[in-house]
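Engineer: Protein chains in written order, with numbering that gives the first Met the number 0: chain A, 0 to 279; chain B, 0 to 253.
To be clear, the hints were calculated from the coordinates, so they are not data collected in a lab.
It should be emphasised that the depicted structure is a prediction, and the values quoted were computed from it without experimental measurement.
A virtual CB, placed ideally from N, CA and C, is assigned to each residue, including glycine.
There could be a bad hint or two in this list.
Residues of chain A placed beyond 12 Å of chain B at every Cβ, according to the derived structure [as the list claims (entries may be wrong)]:
1. Gly104
2. Ile115
3. Ser147
4. Leu150
5. Gly178
6. Leu247
The calculated label-pair distances, taken between Cβ atoms and stated as ranges, are [as the list claims (entries may be wrong)]:
7. A/Leu67 to B/Gln73: 54 to 64 Å
8. A/Ser243 to B/Gly52: 50 to 60 Å
9. B/Gly120 to A/Ile79: 13 to 23 Å
10. B/Ile26 to A/Ser186: 21 to 31 Å
11. A/Ala125 to B/Glu69: 57 to 67 Å
12. B/Asn143 to A/Ile115: 46 to 56 Å
13. B/Asn143 to A/Ala108: 35 to 45 Å
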Amino acid sequence: MYEYITALISQLPFSWAQYAFMQNALLAVIVVVPLFSLLGAMVVNNQMAFFSDTLGHSALTGIAIGVLAGVQNPTWSMLIFAIFIALIVTVIKDRTGSSADTIIGAVSATAVALGIVILSKGGGFARYSRYLVGDLLSIRPDEVAALSLVLVAVLVIWYIIFNKLLLVSINSSLAGSRGFRVKLVESCFAISLALVVTFTIQWIGILIINALLVLPAAAARNVATGMKSYHLWVLFITAVCGISGLILSYYWDTATGATIVLLTALGYVFTLLLKQPNRL
Amino acid sequence: MKSASVPPCGSACGLCVTEISHFSVMIRGKSILNDINLQIHCGQLTALVGPNGAGKSTLFKAILGEIPHEGRLQFLDSEGNRSAKPRIGYVPQRLNFDPNSPITVKDLLVSALGQVPALLGGSRRTLRIAGQALDRVEAQHLINRRLGALSGGELQRVLLALALEPVPDLLLLDEPISGVDFKGMQCFYQIVAELRQQYDLSVMLVSHDLNAVADYADRVVLLNHVILCDGTPQEVMRHPLFEATLGRLEHQFI
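Extracted from the complex, chain A is given alone in its bound form (with noise of 0.2 Å):
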């Protein structure tokens, strides 16, 4: 099957679609590209980017433990301490009533600076500065494939939850009125949003993941007329500038993910163009 696909791209009339590092890149954008849109849909919606963003961060720490405990793979320990960080910033946030913003800012700077400690200490903190950018070319077949199992996941568990989790970011009352589980709603966000966070962002890198969330969705919003269109227009957003970015870093030789995000950048710019004051 993925050999299959994989023959179909190197039928492209271009030279990168040749590689096979770039038939897999392809492939991993195509998987990535609905399950960064419908996650990054929803985090501006509730206005969770600086949460996002924390969460990216502390994959640095969960590598860290990951690397205390002697394992190979650190994405278990990054997915197990990004999921402990969302449920801890979700219960602070109703426990002290404090500002979210500055609870979150708190934990992420010290989530970066607990895993920048404990990676760096003996000088080899280089050798996990891999993370910090990112490497879409590296990711394999198997990688792809297991990807695609996350976009099954987040699809299924989005129809479970997408009205639920709308109603709540609205008024969390009002949703708890018709009978909706507040806390469970939010708690399976965060935790789909760990997931998805950790498990690329060895692909996608620290330091830009969360602007591949945020961008295109705050792009749509510029133009978007309701929840159908504003999730189209994320949709296409991210597909055009992330299959456009994939090709511009193989051309240009730079690193794809940022790629990418600069691309969204300028969508962003473009759709601010199109805004009309006056919608309905």
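Position chain B against the provided structure of chain A, taking the given hints into account.
Structural biologist: Coordinates of chain B only, in the frame set by chain A:
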């Protein structure tokens, strides 16, 4: 008030009652509500008035079961069946979205009423129910508008439509402090008054507009952590405590 004669039973009977007994709420060691006892009969509109921070919205949240409280809530329907969980319709004071948000009235209703995600447009059945709900408050023309593009009065009507689908045992209205013009307010209360009769609703209203309270409420409860007085609008508004509390209220608004 309804007459004391025995009403025709069925939907409109005035016999069902929501009983709030010994409600107390403490938040971080501070007593917000203390021993609140209220009986809300169906067909009746009870207005809660009181200064800012008196615990009016907190009482609603306690009734909704969102914050822990002492005491109990009981609903008694016209056939004498008791239930601890009446169906509650809730109109919140404000919503949490920024004006640029791409959420339409349809998205809001679909998210509350159906399973098929609003991003897919919702199922046909959900859309039909949403349309009927909006019809009830004469707001069907608003269905494709964004929430951020609605006036305060229009938004309140949409929220009322949602609170009435399905028709609740008890309707809680938390009126916005600002943002709704006089005409919008009149229109809203007119609709509430009509629907209350039509569906024999029990309505509790947190209000900051004392003229509207005088015009539309059957009963007024003056609340400031405890119930200070409780009676018809005329009775309560002539009460010395009312003027004392209200004086403070008006000062806060100037």
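Engineer: With 13 to 23 Å as the target window, see if B/Gly120 and A/Ile79 comply at their CB atoms.
Structural biologist: Distance hint for B/Gly120, A/Ile79 is violated at roughly 37 Å.
Engineer: Mind verifying the non-interface call on A/Gly178? Its CB should be farther than 12 Å from each CB in chain B.
Structural biologist: Given that some Cβ of chain B is not farther than 12 Å from that of A/Gly178, nearest at about 9 Å, it is violated.
Engineer: Using the Cβ atoms, figure out if A/Leu67 sits within 54 to 64 Å of B/Gln73.
Structural biologist: 56 Å, holds
Engineer: Should the hint that A/Ser243 and B/Gly52 are 50 to 60 Å apart at their CB atoms be regarded as holding?
Structural biologist: Holds - the Cβ-Cβ distance for A/Ser243 and B/Gly52, about 55 Å, lies within 50 to 60 Å.
Engineer: Return holds or violated for the Cβ distance of A/Ala125 and B/Glu69 against the range 57 to 67 Å.
Structural biologist: At roughly 60 Å between Cβ atoms, B/Glu69 and A/Ala125 fall inside 57 to 67 Å, so the hint holds.
Engineer: Can we trust that A/Leu247 is non-interface, i.e. its beta-carbon lies farther than 12 Å from all of chain B?
Structural biologist: Non-interface label on A/Leu247 holds, nearest chain B Cβ at 29 Å vs cutoff 12 Å.
Engineer: Quick check for students: does the CB of A/Leu150 sit more than 12 Å from each CB in chain B?
Structural biologist: 16 Å, holds
Engineer: Is the distance from the Cβ of B/Asn143 to the Cβ of A/Ala108 consistent with 35 to 45 Å?
Structural biologist: 43 Å, holds
Engineer: Was A/Ser147 rightly flagged as not at the interface, with every chain B Cβ beyond 12 Å?
Structural biologist: 21 Å, holds
Engineer: For A/Ile115, is the shortest CB-to-CB distance to chain B above 12 Å, so the non-interface label stands?
Structural biologist: 35 Å, holds
Engineer: Per the hint of 21 to 31 Å, is the separation of the Cβ atoms of B/Ile26 and A/Ser186 within bounds?
Structural biologist: 23 Å, holds
Engineer: I want to verify a distance hint. Is the separation of the beta carbons of B/Asn143 and A/Ile115 within 46 to 56 Å?
Structural biologist: Since the Cβ atoms of B/Asn143 and A/Ile115 sit about 50 Å apart, the hinted range of 46 to 56 Å holds.
When each numbered hint is compared with the structure, violations occur for hints 5 and 9.
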